[in-house]
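Just need the whole structure built from these sequences, with the hints factored in.
Line order of the protein sequences matches chains H and W. One gets my numbering by counting positions in the first sequence from 1 and adding 40 to each. One gets my numbering by counting positions in the second sequence from 1 and adding 40 to each.
Bear in mind the hints are in silico, worked out from the structure with no lab data behind them. Incorrect hints may appear among the rest.
In this list, chains with the same sequence are indistinguishable; a pair is considered to hold if it fits within one copy or across any two.
[What the hints assert, rightly or not] Straight-line Cα separation of at most 35 Å, DSBU-like style, residue types lysine-lysine; simulated pairs:
1) Lys191 <-> Lys128
2) Lys220 <-> Lys108
3) Lys110 <-> Lys145
4) Lys99 <-> Lys110
5) Lys191 <-> Lys124
6) Lys93 <-> Lys110
7) Lys108 <-> Lys46
8) Lys145 <-> Lys99
9) Lys220 <-> Lys145
2 protein chains.
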Amino acid sequence: MAGGRKRAFDEDAALQAAMEVFWRKGYVGASLSDLTQSMGINKPSMYSAFGNKEELFLKATEFYLENKAKSHLPQLFEAGLSFKQRLKNYLMSIVADQCEGDDPKGCYVVMCQSEVASGDLPDSARLLLEGAGKYLQTLLMGVFNDDPEAKQLGLHENAELNALCLATTVSGTAGMARAKKTLVELEFVVDHSLRGIGLS
Amino acid sequence: MAGGRKRAFDEDAALQAAMEVFWRKGYVGASLSDLTQSMGINKPSMYSAFGNKEELFLKATEFYLENKAKSHLPQLFEAGLSFKQRLKNYLMSIVADQCEGDDPKGCYVVMCQSEVASGDLPDSARLLLEGAGKYLQTLLMGVFNDDPEAKQLGLHENAELNALCLATTVSGTAGMARAKKTLVELEFVVDHSLRGIGLS
DNA sequence: AATAAATTATACCGATCGGTACAATAAGTC
DNA sequence: GACTTATTGTACCGATCGGTATAATTTATT
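Below, the structure written as structure tokens:
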């Protein structure tokens, strides 16, 4: 029947800006003023485009998982490298991301997960974050079970717990990155964590 | 000249209750209603006894450091046990604390530290938490440098970074405890973390 | 140009935030 | 008992929270 006024902002750019704010401040800590100011839009525009704060958070979190968390994956499957080297490159790619910037943000998931237990999160956000929290351990467990080289190293025998060791390390480095630990220091941590599960 | 009405609540008990709330919800997430309700007192009583929310948080955090964090220390210096055993007992004492309860609270410091970088904390609280965050690494580094058995094991050669490895693990297990990982699983993580720095 | 649909900006909603004024209550000293 | 001092409960303050009603503005279709 008829058209309408064109949206004056880019939806993906706004979503990315929202992601950055949630990353720094968490769900509860990020106010609508923070969000809309960083997104460069007004509140009604946000509500018409994304629904409400809860849905914005869900979409921002999915944006993070899709555009950030998965960006490290190629390191894990790069051809021509040993399993240990691929695993280390993958972990260091994540850790480098945690250390990035003058004001390191750590890990989006770890950051927001600290709010999960406080009961201040909507159920949907809590469920999404709980799932995301299991992502790394599940991924690593699968690799330990499937990669021939990993099996030869015996990693498949305690695949789930070996994966938990590394997931715990990455969760810990996220906090350390926020505390301004350097990438060089955290590489030492990653190296010795790998050594802990038998990769020395 | 004259006395006055007696305080009807125990100051330490109220402080402990406040600590529990901050532990679960963080500084920003804990509202004065949450706090005073759990403390069993009214707002004016809280303000007259502790000053304001910021000072209450400082006192609750000091209460935690004094009554909780230091409670694990004897494990580290118990006579008649090997260094590795003492170190493991100490770490597991912390991790067991993180796992305690139906709704595990993780680590007070790690929990609140996630708010440090968000800029929503008063400066004094930020400084206190930054100091507390370094406590474990500093303590372990000192032990690696001083304990004869630790030196014999060569831990003193990279004392600071070896301590960082374990501090990172404990920081990671705090999050895992919140995610309902069991003490048995996290004992595996601690064991392999110790193995990572050469204690196998 | 006229109309319909969508986005924009402003200004506001009730609820809750940290913090406080005030009066009533309970204890000490004299 | 009179008086002073401190604590208590209630009721409230301005600011900010997430969210929205309204009206002006911009676009597409006819």
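- Check each numbered hint from earlier against the structure, then list the numbers of those it violates in ascending order. Structure breaks no hint.
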